[in-house]
Amino acid sequence: MRGIAMLDDFFVRALLAGLGLALVAGPLGCFVIWRRMAYFGDTMAHSALLGVALSLLFKVNLTVSVFVVAAVVSLALLALQRRGALSTDALLGILSHSTLAIGLVLAAFLTWVRFDLMTYLFGDILAVGPTDIVMIWGGGILVLLALAKLWRPLIAATVNPELAEAEGMQPERTRLYFMLLLALVIAIAIKVVGILLVTAMLIIPAAAARRFSNSPEVMAVVASLLGMVAVVGGLFGSLRFDTPSGPSIVVAALIIFLVSLLPFAQRKTIDQPGPGNRGESRRGGIS
Amino acid sequence: MLHQGDGAEALVTLRGAGVLRGGRWLVRGVDFSVSPGEIVTLIGPNGSGKSTTAKMATGVLKPSEGDVLRRAGLRVGYVPQKLAIDWTMPLTVERLMTLTGALPARDVDAALEATGVAHMKKAEVHHLSGGEFQRALLARAIARKPDLLVLDEPVQGVDYAGEALLYELIARIRREIGCGILLISHDLHIVMAEADTVICLNGHVCCRGTPKAVSESSEYRNLFGARGSAAIAFYDHHHDHEHLPDGRVLHADGSVTDHCHPDDGHHHDHDHHGHDHHNHDHGHEHGKHAGHRHA
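First to last, the protein sequences are chains A and B.
Under the numbering used here, the first residue of the first sequence carries the number 1, and numbering increases by one thereafter.
Under the numbering used here, the first residue of the second sequence carries the number 1001, and numbering increases by one thereafter.
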């Protein structure tokens, strides 16, 4: 009896943490896909290791430290892009691996603390405490509120920045805000799925949601829901098969994505014009 | 000139505006303004700086020299030259309409109706043909009821008959909404008969004028029908100078100058002879000699 109660306790905490992350990762992940920023997300996640090392070094909160480092990295990317000497791809490669390497080198100097690399690489959702849950849900709700406020300009800037700017928006500023929100999500996600799998939580549910959506708004909500299903499925799977929980969640998300590719799962687009309803027959339709 | 100057009421005014990129002038010395109810057409070959000029007018590009003045609180409707929507973003025509601001459903429907894509309202933009997508983009821009409509090659991908109808629609929008329109076309032969000012660009303003020319040729009437030809003007456009690779201008008389301003001895050959071209005002000149409008 007592064993089951304890199990419930950490398992419920893990569920809460995972669901909170999936909720906020859904809409953010959609933008990562739409804006083709997957590698950017990876870079931010890799830089999180430097954030971890700094938090241990200066004894500051892990989430805060990871957020600050990820934000600095995205600002550095913007500055380097402006110089225009290298492609974004190459710049991201440099930032990603150098921050990862600096983080590891710094960690080697921290002889007085036990540095469990695996925990940071793959997350340790079963070890989240009540404070972590408050951080995840508090941060998550903050991100969602900011995103709701930013929604229209962000969608417009994603479709076409020049169009957005011509019609009175500020796509550059919007993009900066989006990067900061992404840094915040990565910071709260590290504990759950770890540095190497953060981007998966952003991208896979959003990718699976594409097939079931006919508007950006629907896709954002569906991505959140599918992410939550992946969290529940992954955690129960890891309990049942005694597998690592972070990777199990990602595997569950992958299975959902694969199911979304199956023909029967495809949403019938009622609006899709038939072959006879396009092109030639449309001629002279204006009156 | 008729629609020049008067910066006070103009929606947007460019004064000696130019953009320098990587040590090269994309366009330079552009002067014009667009007033409410006026259609200004920019024509010129590829790479002549038309889109760059339009982007200066909308504020997307800052001029490296000269000034761009926009009326305070100017509401712009913009149809960019290239717009590729990533397949990963689900977007219906209806959702596209409110991309940069909420609009009353009535205005959305009216604009879609006017451009002839009302039946595509619920369709995903990725399922539209090139011409249908252009119409949807135009509908989006006019549904905003803008003060200034900037259309960068709005009829690309639209078939010939549809092109004539869209030009007619653009003229109607001007009359009904009373907005100023900056229209860009790479087609040197077909411009709108209703355009007030045509500005020919080739890295700089080559010439400008009022096109009233409509081809009376039977080919045009056969091709477009009586209604279509009303919206089509044949703009007989010849140059007496050549643009050298280094950006200088070689004139018919053999002289080489940096620009082809009227003072440089530049003139247009419009099937008329024995006329002194050297001290005329281009704006009026085109009007006088531009042939007949077919109604």
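I should point out that these hints are in silico values taken from the structure, not numbers from a laboratory.
Certain hints may be false.
Below, simulated SDA-like cross-link-like pairs (lysine to any residue); rule was C-alpha separation at most 25 Å, straight line [stated by the list, open to error]:
(1) B:Lys1122 x B:Arg1106
(2) B:Lys1121 x A:Glu217
(3) B:Lys1122 x A:Ser260
(4) B:Lys1082 x B:Glu1009
(5) B:Lys1062 x A:Asp124
(6) A:Lys59 x A:Asp124
(7) B:Lys1121 x B:Lys1062
(8) B:Lys1062 x A:Arg83
(9) B:Lys1145 x A:Gln170
Which numbered hints fail: 4, 5 and 7
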